[in-house]
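S.K.: The listed protein sequences derive, respectively, from chains A and B. If you number the first sequence the way our numbering does, the last residue is 253 and the count never jumps. If you number the second sequence the way our numbering does, the last residue is 449 and the count never jumps.
Just so you know, these hints were derived from the structure itself, not from any lab. A few of these clues could be false.
[Unchecked claim] Subject to a maximum C-alpha distance of 30 Å in a straight line, what follows is the list of computed DSSO-like cross-link-like pairs (lysine-lysine):
no.: 1; chain 1: A; residue 1: Lys174; chain 2: B; residue 2: Lys202
no.: 2; chain 1: B; residue 1: Lys235; chain 2: A; residue 2: Lys125
no.: 3; chain 1: B; residue 1: Lys285; chain 2: B; residue 2: Lys127
no.: 4; chain 1: B; residue 1: Lys127; chain 2: A; residue 2: Lys168
no.: 5; chain 1: A; residue 1: Lys126; chain 2: B; residue 2: Lys202
no.: 6; chain 1: B; residue 1: Lys127; chain 2: A; residue 2: Lys174
no.: 7; chain 1: B; residue 1: Lys202; chain 2: B; residue 2: Lys235
no.: 8; chain 1: B; residue 1: Lys235; chain 2: A; residue 2: Lys67
no.: 9; chain 1: B; residue 1: Lys373; chain 2: A; residue 2: Lys174
no.: 10; chain 1: B; residue 1: Lys271; chain 2: B; residue 2: Lys285
no.: 11; chain 1: B; residue 1: Lys202; chain 2: B; residue 2: Lys373
no.: 12; chain 1: A; residue 1: Lys67; chain 2: B; residue 2: Lys127
no.: 13; chain 1: B; residue 1: Lys373; chain 2: B; residue 2: Lys285
no.: 14; chain 1: A; residue 1: Lys149; chain 2: A; residue 2: Lys126
no.: 15; chain 1: A; residue 1: Lys11; chain 2: A; residue 2: Lys179
no.: 16; chain 1: A; residue 1: Lys11; chain 2: A; residue 2: Lys67
no.: 17; chain 1: B; residue 1: Lys415; chain 2: B; residue 2: Lys235
no.: 18; chain 1: B; residue 1: Lys415; chain 2: B; residue 2: Lys127
no.: 19; chain 1: A; residue 1: Lys149; chain 2: A; residue 2: Lys168
no.: 20; chain 1: A; residue 1: Lys223; chain 2: A; residue 2: Lys179
no.: 21; chain 1: B; residue 1: Lys415; chain 2: B; residue 2: Lys113
no.: 22; chain 1: B; residue 1: Lys127; chain 2: B; residue 2: Lys235
no.: 23; chain 1: A; residue 1: Lys67; chain 2: A; residue 2: Lys223
no.: 24; chain 1: A; residue 1: Lys168; chain 2: B; residue 2: Lys202
no.: 25; chain 1: B; residue 1: Lys235; chain 2: A; residue 2: Lys174
no.: 26; chain 1: A; residue 1: Lys126; chain 2: A; residue 2: Lys11
no.: 27; chain 1: A; residue 1: Lys223; chain 2: A; residue 2: Lys11
no.: 28; chain 1: A; residue 1: Lys174; chain 2: A; residue 2: Lys11
no.: 29; chain 1: B; residue 1: Lys127; chain 2: A; residue 2: Lys149
no.: 30; chain 1: B; residue 1: Lys127; chain 2: A; residue 2: Lys11
no.: 31; chain 1: B; residue 1: Lys235; chain 2: A; residue 2: Lys168
no.: 32; chain 1: B; residue 1: Lys235; chain 2: A; residue 2: Lys149
All values derive from a computational prediction rather than experimental measurement.
For reference, the chains in residue letters:
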Amino acid sequence: MSTIPFSQAKLIELNCLEPVFFASRELSDTYYTEGLLGNYALTYALGWVNSPYRLQGQATGRPTYKEDFQTIAQSCYILPASPIGRVTFRFERFNALSDAYWYTMTNNRVATAREDLPLQRQGKKPSSFRASNFPQTGRLRMIERGNKFQTLVFGNQQLPDYIRLGKFASKVKVNVLKEFPVTLLPPGEYQSQFYLNVADLPTQIEVFAFDLISIPPAPILKNLHFRGAAWQIGEMIVPAGLHYCGRENRNE
Amino acid sequence: MSIQKLSPVLATTYENFPKGRFITLIVIRTTQSETIFRTEGSGESMCNEFVQAGVTNDNIIQRLVMTKRKQVAPERRYGREHLRAHDLLFTNIKDNSICSLNTNAPCEMCVDCFLYGFAAGGGGAQKSRIWTEDAFSILPATDVVGDRTINAIYENGTMRDEKGNASTALNTSEYIKPGVHFLDVVTLKDVTTDELRYIIGNILFTSRYGAVSSRVGRMENQILGIFGSITELPSSLELVQATYDALGEPLEHPLNINRVITATKQVITNWQNRRGVSVQLSDEELTNLISDVETHWSEAERDTFLKRLSQSYEPFRQVAPDKNKGKGKGKNKNTPVEVEN
Numbered sequence: 002m003s004t005i006p007f008s009q010a011k012l013i014e015l016n017c018l019e020p021v022f023f024a025s026r027e028l029s030d031t032y033y034t035e036g037l038l039g040n041y042a043l044t045y046a047l048g049w050v051n052s053p054y055r056l057q058g059q060a061t062g063r064p065t066y067k068e069d070f071q072t073i074a075q076s077c078y079i080l081p082a083s084p085i086g087r088v089t090f091r092f093e094r095f096n097a098l099s100d101a102y103w104y105t106m107t108n109n110r111v112a113t114a115r116e117d118l119p120l121q122r123q124g125k126k127p128s129s130f131r132a133s134n135f136p137q138t139g140r141l142r143m144i145e146r147g148n149k150f151q152t153l154v155f156g157n158q159q160l161p162d163y164i165r166l167g168k169f170a171s172k173v174k175v176n177v178l179k180e181f182p183v184t185l186l187p188p189g190e191y192q193s194q195f196y197l198n199v200a201d202l203p204t205q206i207e208v209f210a211f212d213l214i215s216i217p218p219a220p221i222l223k224n225l226h227f228r229g230a231a232w233q234i235g236e237m238i239v240p241a242g243l244h245y246c247g248r249e250n251r252n253e
Numbered sequence: 109m110s111i112q113k114l115s116p117v118l119a120t121t122y123e124n125f126p127k128g129r130f131i132t133l134i135v136i137r138t139t140q141s142e143t144i145f146r147t148e149g150s151g152e153s154m155c156n157e158f159v160q161a162g163v164t165n166d167n168i169i170q171r172l173v174m175t176k177r178k179q180v181a182p183e184r185r186y187g188r189e190h191l192r193a194h195d196l197l198f199t200n201i202k203d204n205s206i207c208s209l210n211t212n213a214p215c216e217m218c219v220d221c222f223l224y225g226f227a228a229g230g231g232g233a234q235k236s237r238i239w240t241e242d243a244f245s246i247l248p249a250t251d252v253v254g255d256r257t258i259n260a261i262y263e264n265g266t267m268r269d270e271k272g273n274a275s276t277a278l279n280t281s282e283y284i285k286p287g288v289h290f291l292d293v294v295t296l297k298d299v300t301t302d303e304l305r306y307i308i309g310n311i312l313f314t315s316r317y318g319a320v321s322s323r324v325g326r327m328e329n330q331i332l333g334i335f336g337s338i339t340e341l342p343s344s345l346e347l348v349q350a351t352y353d354a355l356g357e358p359l360e361h362p363l364n365i366n367r368v369i370t371a372t373k374q375v376i377t378n379w380q381n382r383r384g385v386s387v388q389l390s391d392e393e394l395t396n397l398i399s400d401v402e403t404h405w406s407e408a409e410r411d412t413f414l415k416r417l418s419q420s421y422e423p424f425r426q427v428a429p430d431k432n433k434g435k436g437k438g439k440n441k442n443t444p445v446e447v448e449n
C-alpha cells in the first residue's frame, strides 16, 4: 500500500464512568467481559454509523458490520481499545422479575401463572415452570468503574465528549490526549503495542507471533510481531492498511 | 408552552434510526423511608463504590449507588400499570398472552415496548431510548447507612413456638436512611412530545424503589433541569462530584434539600455553555412543563393522552401492502418498521 488513507491519528483515552458489560464469554450462568473494548462497538458508539432502534425479521439473523462500515471505511478507522494499566473487574448478580403480584423462582425461570401452582404441587411440570432459554438469573463480570482504556482514531472525525458502551449502555468519557501525523514505514519487522482486530488486518503482512483474545465478533490480537509495511503514529506502530473488515473484502 | 421550546430536539414521530436528538433530565432522588439497594442478596451490604469526593476535592470516599436497573425497572412498571388499565397492552404472537415483562414474549407493540425496549430471542429486538446512569449519594455511605435487626416472631408474640423451639428468624441487615439524596442524569434519545410526557410522568410518579418495596423504599423524585442537545452531557458521577464541591464543608446527614438543589442548579447552569447544548429550560419553563405533564396524566386526560401516544405507533403495527406479489418471498423490503426516514 503506497498511499496512506489517513493523514492524522488521535490518541484517545476512554474513561469508564460506569461499569461496562459485554458478553465476551458465557460460562454457565456467569457472563464475562474481557478487559478490552472492541473497535466495532466503538465505531457504533462514536456515532460514525448507526444501528436501528428496532431489529426485525432477517435483520435479527446477522449483524451488518460490512454494510455499515463500508460507508465510512475510507474516511476513518478506530483500533480496539487496550487497557491503561491493569483492568479491574466487578461481579454483580442479576435476577429478572415479572410485573405480576405473584411469582415464583423455579429452575432458571420466573413463573407467573399462579393457576399452574396446584399442578406443580402434584409433582407435574407445567410449561410455565420449565427452565427458560434466556437468562433469568446469573452473574455478570463487568469492567469496573474508573478503568481507563486507550486507542487510536484515524481520520478527521469530530469526537463526542461521552459515549455509551455495552449491553447496559454505560457512560464512558472520551478524552483526546494527542494528535499525530501518520507516516508510512517501509516493509520490515515490527512489533505493535496496540490491540488489533483480526478481521481488519491487511493481507500482505507476515505474522510471526501474537497473543490471541478470542471474543466475538472477531478475535483480537495483542503484542503482534509482524513483517510488512507499517504506519508510525508518534512512537507507536501498527500494520499499514488497517481497514474495516479488510480481510473479508479481499477474500471475496 | 415550554414543551415547545424543546421542539428542535424532539422527534415528530417514532423513527427507527437515531437522529442525534438528546434530552437530558437532571433528577434528584430523595429517600423518604428506609431503603434497600443491594446486588448480592440479603445479608450483604448496600451497593456502594469508592469514588473521588469532588472534582477538586480528591479525597476518596465510599458513595451509595442506585444502579441504573433499579431506577428504570420500577419506572417502566409504573407506566405499564396504566397501559394495562387502559387496555393498551397488546397480545404477543407467540403464545397469545398479554404483554408482560420478562416472559420472552413481549407484544412488541405497546408504548412500553417501543420506548423502553425488549429483546426476544430470534424474534427481534428494540433498543431502549431511555439511557439511565448509576446515581450516587452526595454523602459518604458510612454517614447514611444504618443497621436494623429483624426478628420474625411466632403468632403467639414470642420467639418460641408452642413446642418451645426457638425461632431462627433473626437477622441484621443494612438500610439506607431516610433523607438521602441521589443525583442522577437521565438521557432520552429521539423521543416525541408525548413520549417525553410519558417518561417524565413515570419518573415523577414512581414512589417505591429497591428491595422489599411494599414496606420500605419510598422515594421522591424531582426534576431540577432539562437540556436539549446534540450530544450527551456530563455523567451523574461528575454531577455529584461538582455538587459536592459546590456545597462546601461541613457536610453531614441530613442535608437540607434546598441547599442541595441550589448547589446542583448552580452546577448545571454552567452546562449550557457545553458543546452541543441548544436548549436549557429556565426554572419557570421547567415548572410549566411539569404541570403540563401532570395535566396530561390527570384523571380527566390520562385516557386520551395514553391512547394518543399508543396510536402514534399505529403505522408500525400495520402489515405493509405486498407490492411484489408473485416475486417470491423475502423480496418485500417495504415493511414500515425497517424504513429509514
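S.K.: Each hint should be assessed against the structure and marked as holding or not.
M.R.: Now for the hints, and whether the structure bears them out:
The suggested pairing of lysine 174/A with lysine 202/B is violated, with an alpha-carbon distance near 41 Å, which exceeds 30 Å. For a cut-off of 30 Å, the pair hint linking lysine 235/B to lysine 125/A is broken: about 38 Å separates their Cα positions. Restraint check: the Cα-Cα separation between lysine 285/B and lysine 127/B comes to about 42 Å, which exceeds 30 Å; the hinted pair is violated. In summary, the hint linking lysine 127/B to lysine 168/A is supported, as the alpha carbons are separated by about 21 Å, within the 30 Å threshold.
Our distance criterion of 30 Å between C-alpha atoms is met by lysine 126/A and lysine 202/B, whose separation comes to about 20 Å. A hinted pair counts as satisfied when its Cα atoms are at most 30 Å apart, and lysine 127/B with lysine 174/A qualifies at roughly 21 Å. Distance restraint check for lysine 202/B and lysine 235/B: the Cα-Cα separation of roughly 20 Å lies within the 30 Å cut-off, and the hinted pair is therefore satisfied. A distance of roughly 21 Å separates the Cα atoms of lysine 235/B and lysine 67/A; the hinted pair therefore holds under the 30 Å criterion.
Among the hinted pairs, lysine 373/B with lysine 174/A is consistent with the structure: their alpha-carbon atoms are about 22 Å apart, no more than 30 Å. Taking the CA atoms of lysine 271/B and lysine 285/B, the gap is about 38 Å. The hint is violated against a cut of 30 Å. Taking the CA atoms of lysine 202/B and lysine 373/B, the gap is about 48 Å. The hint is violated against a cut of 30 Å. The straight-line distance between the Cα atoms of lysine 67/A and lysine 127/B is roughly 21 Å, inside the 30 Å bound, and the hint therefore holds.
The straight-line distance between the Cα atoms of lysine 373/B and lysine 285/B is roughly 24 Å, inside the 30 Å bound, and the hint therefore holds. A C-alpha spacing of about 49 Å is found between lysine 149/A and lysine 126/A, which places the hinted pair above 30 Å, so the restraint is violated. Distance check on the hinted pair: lysine 11/A and lysine 179/A sit about 6 Å apart at the alpha-carbon level, within 30 Å; holds. The suggested pairing of lysine 11/A with lysine 67/A holds, with an alpha-carbon distance near 24 Å, which does not exceed 30 Å.
Restraint check for lysine 415/B and lysine 235/B: the C-alpha separation of about 22 Å stays at or below 30 Å, so the hint holds. At most 30 Å may separate the alpha-carbon atoms for a hinted pair to count; lysine 415/B and lysine 127/B meet this at roughly 25 Å. As the CA atoms of lysine 149/A and lysine 168/A are separated by approximately 18 Å, the hinted pair is consistent with the 30 Å bound. At roughly 22 Å between alpha-carbon atoms, lysine 223/A and lysine 179/A fall within 30 Å of each other, so this suggested pair holds.
Of the pairs offered as hints, the one joining lysine 415/B and lysine 113/B holds, with about 24 Å between alpha carbons and a cut-off of 30 Å not exceeded. Of the pairs offered as hints, the one joining lysine 127/B and lysine 235/B holds, with about 14 Å between alpha carbons and a cut-off of 30 Å not exceeded. For a cut-off of 30 Å, the pair hint linking lysine 67/A to lysine 223/A stands: about 23 Å separates their Cα positions. Restraint check: the Cα-Cα separation between lysine 168/A and lysine 202/B comes to about 25 Å, which is no more than 30 Å; the hinted pair holds.
Between lysine 235/B and lysine 174/A the alpha-carbon distance is near 21 Å, which keeps this suggested pair within the 30 Å criterion. With a CA separation close to 59 Å, the supplied pair lysine 126/A and lysine 11/A exceeds the 30 Å bound. For the hint pairing lysine 223/A with lysine 11/A, the CA-to-CA distance comes to about 20 Å; that is within 30 Å, so the pair holds. For the proposed pair lysine 174/A and lysine 11/A, the alpha carbon gap of about 15 Å is at most 30 Å, so the pair holds.
Proposed proximity of lysine 127/B and lysine 149/A is supported: the alpha carbons are some 29 Å apart, at most 30 Å. Only pairs whose Cα atoms come within 30 Å are accepted, and lysine 127/B paired with lysine 11/A is accepted, the gap being roughly 26 Å. For the proposed pair lysine 235/B and lysine 168/A, the alpha carbon gap of about 10 Å is at most 30 Å, so the pair holds. For a cut-off of 30 Å, the pair hint linking lysine 235/B to lysine 149/A stands: about 26 Å separates their Cα positions.
In the structure shown, a violation is registered for the earlier hints numbered 1, 2, 3, 10, 11, 14 and 26, in ascending order.
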